[in-house]
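Colleague: Protein chains in written order, with my numbering: chain A, 33 to 524; chain B, 899 to 1228.
The set of hints was computed from the structure by calculation and includes no laboratory data. All values derive from a computational prediction rather than experimental measurement. Built from N, CA and C at the ideal position, the CB exists for glycine as well. There may be inaccurate statements among the hints.
Covered stretches of chain B (in silico footprint by chain A; criterion: 3 or more residues with CB under 8 Å from a CB of chain A, positions within the stretch not fixed) [stated by the list, open to error]:
1. 1084–1096
2. 1114–1122
Capping the alpha-carbon separation at 20 Å, the derived lysine to aspartate or glutamate pairs in EDC-like fashion look like this [unchecked claim]:
3. B:Lys1027 to A:Glu334
4. A:Lys411 to A:Glu334
5. B:Lys1094 to A:Glu334
6. B:Lys1093 to A:Glu471
7. B:Lys1094 to A:Glu398
8. A:Lys369 to B:Glu952
9. A:Lys245 to A:Glu197
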Amino acid sequence: MNALEVRGISKTYPGVRALDQIAFACSKGSVHALVGENGAGKSTLIKILSGAVAPDEGELLLDGQAYAPQSPSEAAAAGVSTIYQEFNLIPGLNVVENIFLGRERIEKGLLDSRSMRKEAQALLERIGAPIDVRRRVGTLSVAEQQLVEIAKSLAVSARVLIMDEPSATLSDHELTLLYNVVRKLSSEGVTIIYVSHRMDEIFDLCDTCTVMKDGRSVCTRPVAELSRDALIQLMVGRELDTRFPDKRPPGTGEIVLEVEGLRLEQRVRDITFSVRAGEVVGLAGLVGAGRTEVARAIFGLENVTAGRISLHGQRHRPQSPSQAIAAGIALVPEDRKLQGLVLGLSIRENAILPTLRSICRFGFVESRKERQQVAKVCKQLAVSASSVEVPVMTLSGGNQQKVVFGKWMAHSYSLLILDEPTRGVDVGAKTEFYRLIDEIARSGKAVLLISSELPELIGMADRIVGVRDGVVTGEAMALGATEESVLQMIAR
Amino acid sequence: MAIVESLSNAASGERFSNHAYRRIELVQRYGILAIFLLLCVTAALSSPFFLTPENLLNVVRQVSVVGLTALGMTFVILTAGIDLSVGSILALTTLAVAGLKPYGPVASLAGGLAVALACGWLNGFITTKGRIQPFIVTLGMMTALVGVGLAYSDGQPVIGVPVSLGWIGRGRLGGVPVQAILFILMALASIVILKKTRYGRHVYAVGGNVEAARLSGVAVDRVRVIAYCLSGLFAGLGGIVMAAQLNIGEANLGKGLELDAIAAVVVGGTSLAGGAGGIDGTIIGVLLIGVLNNLLNLLNIPAYTQLIVKGAIIVIAVLIHAQLSRSRGR
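Kindly produce the complete structure, drawing on both the sequences and the hints.
Modeller: See below:
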């Protein structure tokens, strides 16, 4: 019998048919991949499965029984748990309080903290996560928070666990941990619906796979019958050209950025590397190795306690991002929604923000120049939207990230720092970003690329600098490097 | 526009289609206007005096002090802050204006505004440098400034402002009360600042996402400090109008003003979370509360009942507004 069956589910929003006759089934204890480009309708389907949204047509069967959850709590009671990309954790509460939120154990009218703490510890041990359960969730790393989310859904004895891009923010080491957790759960009979953009994990981890495109389910097949290229083709509906652009000739330009013996208040202990004009240098490391902190220091957001950063041979000590920007640095930050964009403002207002000064006279915005500049950027980056006046929150992930890149296109920077530039971006759009990064490097800019995706680092960078626990552990030319050789540098 | 191509991407539920989004925006922008017009029609039908020019001018005159204060409050709330000290700043300004009478009208005006500006700056400085929530800072300031005023005036009203200033509070220009003209001019200036200047753009960015604004090179703290300065200045202008009108300075004059101003801003659709809303909404919010007061007076409703009705209608207006945006958004 199928653990979950989806029959002819459709959902229409004003002006758009989000889902059109979606149908597939997954068997008990299987890991079922749900793939498709951004906007294919995966998020809407997940919301319907988890009871957050009601479908217009169609029915769901759970273990052969009709299943029509009216709310996420009804879905959870029926045994369907969802871990969203944006976690539903409360930063101010500790791990135990989060795991038992809404299901607190009461003993004689008071919280039974001891039994909840023990249970939480047991759950985290079960998935091999060494997290102190008394820590406030806000102080945990993203990866640790995800483990808490998984423990939380295990606590309600889920029969079906839906994971929306669980790996998007994990480094490879943590990914292995996640794989183990998923395999363990599936062997215990939990059915897992696994949404992902990463080809590797679909082939390593999943048994069956449903491909979605433009709100329809294209096909459902055992993963073993598919090849990587065939799957990508099903998703995008066209043949992809080579994912990465050809390697640029080795950089011989002047040294733009030089970091020597950098030490910060947190994490970073001894970092040394340099980036030349026209060169892409990749910083490889696990989450928490200190890569983002290095970027923040260069951008004026961290206190340097020892060592030195130089820009064009001059000492560089920015006290704020505005000083770093004035010195010719641009940053595409790690989290586009929290750090990259003002979600409620339009494409125009976001894209112009860092360079507003250049189109102002006496403090007044010159709207003609503004429109011209924004139109130029949107055209250059092929941002797809009905108008530049729509708020960026209405855009797909890939288009949002294009706007984040677009912010810097009119700035005359010499160093571009990219922190996870293609996170949560679909396969087709990734290729576009790779081409863009290549163009930027070829035009003589220095690029510092931070990424948790090793193929991306190897494919895009000229040189790769390995970082582990805040210390540089090695440096290698990307040409000839393999995922294994890079992993050697950064794994604990 | 060079970037057309309609987007099939807006499919998932958390994103709105452009179509739906525009409808929400329409409701947010004009919903409260509709409620306001409805109230005006009700007023016109219930009292023949409501639509007389004299009465309408009276409404605008009565709202101008709250209105001026609400303009400054809009800037602060747009940056995701709050200013509870505006009433006290207004009171201190009236004392400065009255106290500086011997030095002539110019010194009196300049002194009043300088006091107001200094208080606003102090709010902003403590909030940003001390990283303390503005609610706390301005709450403390609200109490402390009343104390400063009482200490300065020995608890007594200071009688008399420069004679030529009386015109601001009681005069008319082409039949229109001068204070109403002041409010309208300041409202227009505020719209221009928010819509047309770099500073205005930065206000929305800081309120919408302070981290993204900082990483885009916006001097976040300066934007906030200036917003509190503007709030102080506008409260100070309100104080000048009030001193000129009543011909006194008094330390307790602005009691409760902060709540009226915040109510006007919120009724006008500006989000307390920051980053969304604007002066156009605030103007309607101010007028809505003014017309409501006027209507209740014209109907001879007793003062205590008026408070109940006023409070209820403010909440109901915001409720209807929120319901409209939500139901049409689906």
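Colleague: Each hint needs a verdict: does it hold in this structure or not?
Modeller: Now the hints, each set against the structure:
no.: 1; hint: 1084–1096; in the structure: holds (count 3)
no.: 2; hint: 1114–1122; in the structure: holds (count 4)
no.: 3; hint: B:Lys1027 to A:Glu334; in the structure: 17 Å, holds
no.: 4; hint: A:Lys411 to A:Glu334; in the structure: 35 Å, violated
no.: 5; hint: B:Lys1094 to A:Glu334; in the structure: 34 Å, violated
no.: 6; hint: B:Lys1093 to A:Glu471; in the structure: 35 Å, violated
no.: 7; hint: B:Lys1094 to A:Glu398; in the structure: 8 Å, holds
no.: 8; hint: A:Lys369 to B:Glu952; in the structure: 52 Å, violated
no.: 9; hint: A:Lys245 to A:Glu197; in the structure: 17 Å, holds
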